[in-house]
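Q: Each chain, written out:
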Amino acid sequence: MEAVAIQLFDGTIRGLIYVAIALSLTIIFGMLRLVNFAHGAFFAVGAYVALLLAPKIGYYASIPAALIVLAILALLLDRIVLRLFYAKDPTSQILVTFGIALVIQESLRLIFGGTTQTTQMPASLMQSIPLGFISYPAIRLFVAVSIIVLVGVVWWILVGTNYGLIVRAGIRDRTMVALLGGNVTVASRVVLVVGAGIAGLVGALSSPIFGVDPNVGFSFLVPAFVVVVIGGLGSFWGAVIAGIFIGILQGLTTLVMPAASDVVIYLAMALILLVRPQGLMGESELIRQA
Amino acid sequence: MRERVFAEARFLILTALGLAVFPFLFNLVGGYSGLATQILMVGIAATGFNLLLGYAGVLSYGHAMFYGIGGYAAALMVLKFMPTTANLWLTLLFAIVVVAIQALLIGALAIRTYGIYFALITLAFAQMFYFIMFEWRDLTNGDNGLNNIVPPPIGSLSLTAPLPQLNLGPFGDLSQIHYWYPFTAIIVLLVLWFSRFLVASQFGEVLAAIRENEERSEFVGFSPAKYKLAAFVISGMLAGLAGALRALYDGSVAVDTLTIEQSGNFVVYTIIGGVKTLFGPLIGSALVMYLANVVSAKTEAWRLIEGLIFVAVIVFLPGGVVGSFARGSRFDFSRILRLR
Numbered sequence: 002m003e004a005v006a007i008q009l010f011d012g013t014i015r016g017l018i019y020v021a022i023a024l025s026l027t028i029i030f031g032m033l034r035l036v037n038f039a040h041g042a043f044f045a046v047g048a049y050v051a052l053l054l055a056p057k058i059g060y061y062a063s064i065p066a067a068l069i070v071l072a073i074l075a076l077l078l079d080r081i082v083l084r085l086f087y088a089k090d091p092t093s094q095i096l097v098t099f100g101i102a103l104v105i106q107e108s109l110r111l112i113f114g115g116t117t118q119t120t121q122m123p124a125s126l127m128q129s130i131p132l133g134f135i136s137y138p139a140i141r142l143f144v145a146v147s148i149i150v151l152v153g154v155v156w157w158i159l160v161g162t163n164y165g166l167i168v169r170a171g172i173r174d175r176t177m178v179a180l181l182g183g184n185v186t187v188a189s190r191v192v193l194v195v196g197a198g199i200a201g202l203v204g205a206l207s208s209p210i211f212g213v214d215p216n217v218g219f220s221f222l223v224p225a226f227v228v229v230v231i232g233g234l235g236s237f238w239g240a241v242i243a244g245i246f247i248g249i250l251q252g253l254t255t256l257v258m259p260a261a262s263d264v265v266i267y268l269a270m271a272l273i274l275l276v277r278p279q280g281l282m283g284e285s286e287l288i289r290q291a
Numbered sequence: 074m075r076e077r078v079f080a081e082a083r084f085l086i087l088t089a090l091g092l093a094v095f096p097f098l099f100n101l102v103g104g105y106s107g108l109a110t111q112i113l114m115v116g117i118a119a120t121g122f123n124l125l126l127g128y129a130g131v132l133s134y135g136h137a138m139f140y141g142i143g144g145y146a147a148a149l150m151v152l153k154f155m156p157t158t159a160n161l162w163l164t165l166l167f168a169i170v171v172v173a174i175q176a177l178l179i180g181a182l183a184i185r186t187y188g189i190y191f192a193l194i195t196l197a198f199a200q201m202f203y204f205i206m207f208e209w210r211d212l213t214n215g216d217n218g219l220n221n222i223v224p225p226p227i228g229s230l231s232l233t234a235p236l237p238q239l240n241l242g243p244f245g246d247l248s249q250i251h252y253w254y255p256f257t258a259i260i261v262l263l264v265l266w267f268s269r270f271l272v273a274s275q276f277g278e279v280l281a282a283i284r285e286n287e288e289r290s291e292f293v294g295f296s297p298a299k300y301k302l303a304a305f306v307i308s309g310m311l312a313g314l315a316g317a318l319r320a321l322y323d324g325s326v327a328v329d330t331l332t333i334e335q336s337g338n339f340v341v342y343t344i345i346g347g348v349k350t351l352f353g354p355l356i357g358s359a360l361v362m363y364l365a366n367v368v369s370a371k372t373e374a375w376r377l378i379e380g381l382i383f384v385a386v387i388v389f390l391p392g393g394v395v396g397s398f399a400r401g402s403r404f405d406f407s408r409i410l411r412l413r
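Sequence lines, in order, name chains A and B.
First residue of the first sequence: 2, per our numbering; consecutive thereafter.
First residue of the second sequence: 74, per our numbering; consecutive thereafter.
Isolated chain B (complex conformation):
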């Protein structure tokens, strides 16, 4: 019991430390704190996606539908439903609840199918939401999207306000960071903790059993459909939360959050970072979004390079960057680098 508490404390402290130093180290390599905040937000969605793909073994090719609808729900809450009394927690809660219902309905239909079929169906549903939000102009402004979203403050603290001034030499100045970053970092910490807990729980073990052999787990007495549906809804809710945060942070949300490319992004981030690893999706998001930011400033060929990296990772590093550090994988970096 004591060891358990110890392990949890160690996990939380180390992760919190990592999140705290990230924007400063990021400055050294040409990143900036705004991008760091966006990375964390998208990382939440990728972490949710990984819960489904990595641990339940279910590939959704439509996670943009949760990300986008979460964003729209938050935006509408702030702009139309409660414009005068907007509350951050209520807004986020609303977005998550909307997405949970959406995921429950779609999941109930889609979960009755398997593998490839499931991917195709989620892809098609995501496309459906894209067209609904595109055409429902009264609500969504169609092509232009919803703009001028002011994030509700927490008490009297505005998230867009900068942290106090403090010169940190090569790491930049503390005031370059807005309160958005620590706020998002705390949410990420909680999401990672939750996802660690979930994977280690009985629920996570049943999911793993279903992933390895669905029929057998059914014979043992578990209902695979229920477990997979639960995983789908949880995974969707995290994507919805990420979308809501992103909409509030950007101050706008448009239909590009609902595209196939966006769904593909979550897949790419998770695979490059490392599927079935806790930190992989977050690290994958950081790597790809950082590279996109740096490389796309220099050449138009960024998306092509991204595609080539993606194919190379699938062919040569099926465990992704993080997964390849794991013992026994084909590209065991820690062994190659003689770290052990």
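Bound conformation, chain A alone:
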């Protein structure tokens, strides 16, 4: 029973990380029609920021630092390359972001080497917290709570602010928003920068748990893609539900058949595609445009 509870918790935390990455991916896609293959690399850069800064300014302060670093990086990338690709076909966009990912990842490998390192965390997070019949690492609870807060903030921005209104409308129909006087271009930039920031923040946040190496981003990016596919492109709740579902599914499979824990998420994706090609909450119209 304890083992089940721990796997449920572990799975949920993995799932929450998938949710955060998938959410930023899906909003960027919705607004810019850009699938960002560099998102995993952004995540990895965030993890390295935490690795380097945690001994100096502390783990907590390194998290917003990662957000800022990634926001600046995204802004630069947008100015230099990405802006050339907004009007192009999705294939070229995937290719150019893949190229950017390659460059970032290899730069990280050259600078920091390929070995896995772990971010220092404060002593208060190293203990276990008793939760009724199990005790659970404080760091994992901290990551979980932080991501829940983050997802809440994103939800609030999307639903409660005027910016969110433009973004939500832009996901449905950019041209119409522009015609009605919404500044789509600025909103798109903001979405890209915030989305990259989220990837970096989550990378920094989770770096004490999963370690830091140049490929760390990819190991979360591909499941996040699966989450986006299952949840439906451009859907907030789709990403949230699918992310947690996939995380828990993975956790529980580890319990029964550890070897299958990585395969099972792709099987789940295949099954869902069979029934609903547009994903759980996706709109088929949006996918056709993709």
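These aren't lab readings, by the way, just hints derived from the structure by calculation.
One side of the interface only, derived from the structure: several residues of chain B facing chain A at Cβ under 10 angstroms:
1) L182
2) A183
3) T186
4) R210
List time: in silico DSS-like cross-link candidates among lysine-lysine, alpha-carbon distance up to 30 angstroms:
5) A:K89 with B:K349
6) A:K89 with B:K299
7) B:K349 with B:K299
Think of the CB as a built atom: it goes at the ideal place given N, C-alpha and C, for glycine as much as any other residue.
Chain A is fixed; fit chain B onto it per the hints.
A: Chain B only, in chain A's frame:
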């Protein structure tokens, strides 16, 4: 009709000539015939990939799953299924059939989606096969992969035997080349011919129509899903054939043939060489694999340089190296160099 035969003959003879001189010219720039053979093999997969991306306009980000499974199928055939009576043709056929079934099943699921979605789904399925082959240790030896694969001979001819000795001066010696090279070169010639035929056929024209406007081609009465699925399966089979050849040539196959990096390689080779061109993928494979071989011996930064070249090609040479020779492209080399 006569012109048609003439054109085909010209194509075959010139391509065969090019393939025949390639390893010798390659020696001059520091390549070696083993690498030339590997380039041709990977070029088959890239050519298949280009059929899908260039002519059907469908981006698969998981072609490593066909390449890798083709390799495993060939290896298992030789090592486990028919260890005493291994036959080269049967082995290759088996690999191609296995991959065709795999591509049919995955394609049937994935083809119902579009563009980006399709890329993500193929990527995810490739990852699934990576983990299956990694974890199915009884069959695949997991991390270590399958080793000591002896390629079955053709009759009494072993493909690993060298060609007869003949000194060719600066071009090296003929005996540096193993029978693997001419064997692979013939397959490449057939693959290129087949892909040329396919693109010019009615099938190819329908694919082009779907690529340009899927809805319209549907209204005219074609079923885009069926055509795209067929292209996906053919493309996968070529990648599977390449993987099988490579496994037999290397004598080993491991899970690195199934990684995202491997899928990305086919994309990189095709784009750098020139998407939507017949020879582009092969030339892209040659360029990148040659550079990788030369540069990675000197600096660890090779993958970074490759990434930068890749981004530069997408930004500045969207037609790739070969495509940029074409009339009317932004970087029309033949015009810049005053070739016409």
